[in-house]
Amino acid sequence: SIANRISYYCNFNGPSLALDTMCSSSLTAIHLACQSLQRGGCAVAIAGGVNVSVHPNKYLMLAQGKFISGKGRCESFGEGGEGYVPGEGVGAVLLKPLAQAKADGDHIYGVIKATAINHGGKTNGYTVPNPNAQAKVIEQALRESGIDARAVSYIEAHGTGTSLGDPIEIAGLSKAFRNWTQDTQFCAIGSAKSNIGHCESAAGIAGVTKVLLQLKHQQLVPSLHSSVLNPNIDFEGTPFVVQQALAPWPRPMVEVNGVKREGPRIAGISSFGAGGANAHVVIEEYVAPVAPQVTNGPALIVLSARHDDRLREQVQQLLHAITSDTDIALADLAYTLQVGREAMEERLGLVVSSLDELREKLSAYLSGDIAIDELYRGQVKRNKDVLATLSDEDMATIVEAWVAKGKYGKLLDLWVKGLAFDWQRLYGAHRPRRISLPTYPFARER
Numbered sequence: 083s084i085a086n087r088i089s090y091y092c093n094f095n096g097p098s099l100a101l102d103t104m105c106s107s108s109l110t111a112i113h114l115a116c117q118s119l120q121r122g123g124c125a126v127a128i129a130g131g132v133n134v135s136v137h138p139n140k141y142l143m144l145a146q147g148k149f150i151s152g153k154g155r156c157e158s159f160g161e162g163g164e165g166y167v168p169g170e171g172v173g174a175v176l177l178k179p180l181a182q183a184k185a186d187g188d189h190i191y192g193v194i195k196a197t198a199i200n201h202g203g204k205t206n207g208y209t210v211p212n213p214n215a216q217a218k219v220i221e222q223a224l225r226e227s228g229i230d231a232r233a234v235s236y237i238e239a240h241g242t243g244t245s246l247g248d249p250i251e252i253a254g255l256s257k258a259f260r261n262w263t264q265d266t267q268f269c270a271i272g273s274a275k276s277n278i279g280h281c282e283s284a285a286g287i288a289g290v291t292k293v294l295l296q297l298k299h300q301q302l303v304p305s306l307h308s309s310v311l312n313p314n315i316d317f318e319g320t321p322f323v324v325q326q327a328l329a330p331w332p333r334p335m336v337e338v339n340g341v342k343r344e345g346p347r348i349a350g351i352s353s354f355g356a357g358g359a360n361a362h363v364v365i366e367e368y369v370a371p372v373a374p375q376v377t378n379g380p381a382l383i384v385l386s387a388r389h390d391d392r393l394r395e396q397v398q399q400l401l402h403a404i405t406s407d408t409d410i411a412l413a414d415l416a417y418t419l420q421v422g423r424e425a426m427e428e429r430l431g432l433v434v435s436s437l438d439e440l441r442e443k444l445s446a447y448l449s450g451d452i453a454i455d456e457l458y459r460g461q462v463k464r465n466k467d468v469l470a471t472l473s474d475e476d477m478a479t480i481v482e483a484w485v486a487k488g489k490y491g492k493l494l495d496l497w498v499k500g501l502a503f504d505w506q507r508l509y510g511a512h513r514p515r516r517i518s519l520p521t522y523p524f525a526r527e528r
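If you want my numbering, it's the 1-based position in the sequence shown plus 82.
Fair warning: there could be bad hints in the mix.
Taking CB as the label site, the calculated pair distances span [what the hints assert, rightly or not]:
1) GLN461 <-> SER135: 36 to 46 Å
2) LEU328 <-> LYS257: 28 to 38 Å
3) ALA486 <-> ILE88: 39 to 49 Å
4) ALA327 <-> LYS184: 34 to 44 Å
5) VAL338 <-> LEU99: 38 to 48 Å
6) GLN267 <-> ASN214: 41 to 51 Å
7) ARG507 <-> LYS184: 15 to 25 Å
8) ARG343 <-> HIS189: 22 to 32 Å
9) VAL136 <-> ARG515: 38 to 48 Å
Hints were generated in silico from the structure; no laboratory data involved.
Even for Gly, the Cβ is constructed at its ideal location relative to N, Cα and C.
Between the sequences and the hints, there should be enough to build the whole structure, so can you do that?
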């Protein structure tokens with residue numbers, strides 16, 4: 083009943099499904115969510131997977147069946163891979179049509195170009211994969227996306243690190259790619275299982291998350307435990323190169339009508355369920371158009387948390403983010419904190435005119451200096467009486483006058499005491515965009 087509990091709690095009204103296709107479950111969930119979006123069954127979808135190992139009998143069964151690695155690590159495409167290591171995890175993605183995401187000003191991590199699922203039918207054994215079926219599901223996804231396999235520059239493989247499964251997977255991938263090109267050694271390949279183990283029903287969403295992070299940072303991360311490659315795989319005769327070091331992820335040069343042009347970063351993600359249920363997803367990077375910078379005077383930075391120590395952690399996270407990424411637009415940062423975060427009990431507000439000023443004020447606050455010009459600190463419960471003395475109509479009139487006159491300090495002074503304010507009123511037709519910023523720093527308490 084887990085899907086129904088989530089839909090009940092969040093008041094979702096679209097299709098509510100829990101799926102089990104073994105290790106391909108979370109990619110299958112994404113596949114069905116995409117279909118539902120395309121057919122109008124829902125406007126927005128949350129899809130993902132969760133995997134927990136709650137009883138030692140699971141490990142006993144895996145050991146007796148010789149499925150588990152005796153070394154305690156997943157050696158994806160490495161020499162001596164003898165089994166897999168179960169991993170625990172949970173992950174989800176929020177999906178919506180690209181046009182709608184653009185219209186809503188969402189932060190877009192990647193674009194799903196196509197998804198496909200199939201089954202391998204009967205093979206030489208229940209645990210023996212079918213390379214032809216794996217090739218077909220990859221080929222189907224590529225054909226539906228209209229993408230030439232030569233333009234794919236990374237594959238997040240299933241890569242369980244088994245002596246039987248890995249060579250079969252490379253055979254299936256190679257067969258699919260050969261429908262487009264005979265070129266070799268042009269596409270990087272790796273598996274998150276070498277880092278975190280095989281998350282089984284959450285394996286697909288783990289691979290998607292890894293790809294999206296690689297797109298965000300424009301880097302390819304190494305697939306671990308593969309310094310010596312599996313001798314049963316002739317990688318030199320395939321389109322694939324195992325990613326063994328951290329490296330930039332360059333955009334591929336693609337030939338169109340005899341002319342070479344730079345193409346987008348495109349990745350394929352495979353997830354193959356025990357028993358033969360296969361899934362493949364093709365994801366392309368999203369290149370956001372350069373938007374004109376919105377500058378409506380000084381920026382209002384708002385931060386909040388449940389407790390004081392979590393608020394300080396919020397400040398530290400934000401300071402680190404703006405120190406490590408100097409390309410952040412101040413207006414986008416302020417807008418994201420205003421409309422993309424829940425306002426909690428402990429609140430901090432600042433009026434700043436530049437990122438440098440924001441850095442200075444955040445650093446001063448962390449050092450214990452609260453007598454900072456245009457820095458406001460408050461706690462909602464302690465100030466309920468202050469706001470209760472004014473009626474909603476009076477409050478609205480006063481706030482409107484402050485905004486019109488640019489008296490933002492007075493607005494923040496009331497906000498940190500508990501004022502509910504619609505931040506969209508600060509902006510006209512051209513609003514800043516929401517960007518990726520640090521999320522809530524949960525207390526690591528049991």
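Going down the list of hints, with the structure as the test:
Restraint check, GLN461 to SER135: a C-beta distance of roughly 42 Å satisfies the suggested window 36 to 46 Å. A hinted range of 28 to 38 Å holds for the C-beta pair LEU328 and LYS257, which are about 30 Å apart. Our hint of 39 to 49 Å for ALA486 and ILE88 holds, since their Cβ atoms are close to 43 Å apart. Checked against the given bound of 34 to 44 Å, the beta carbons of ALA327 and LYS184, roughly 35 Å apart, stay inside it.
Under the hint 38 to 48 Å, the C-beta atoms of VAL338 and LEU99, about 40 Å apart, fit the expected range. Separated by about 24 Å at the C-beta atoms, GLN267 and ASN214 break the suggested range of 41 to 51 Å. With their beta carbons about 23 Å apart, ARG507 and LYS184 fall inside the hinted range of 15 to 25 Å. Evaluation of the 22 to 32 Å hint for ARG343 and HIS189 yields a pass: the beta carbon distance comes to about 27 Å.
Against the hinted window of 38 to 48 Å, the Cβ-Cβ separation of VAL136 and ARG515 comes to about 42 Å, which satisfies the hint.
When the structure is compared with the earlier hints, a violation turns up for hint 6 alone.
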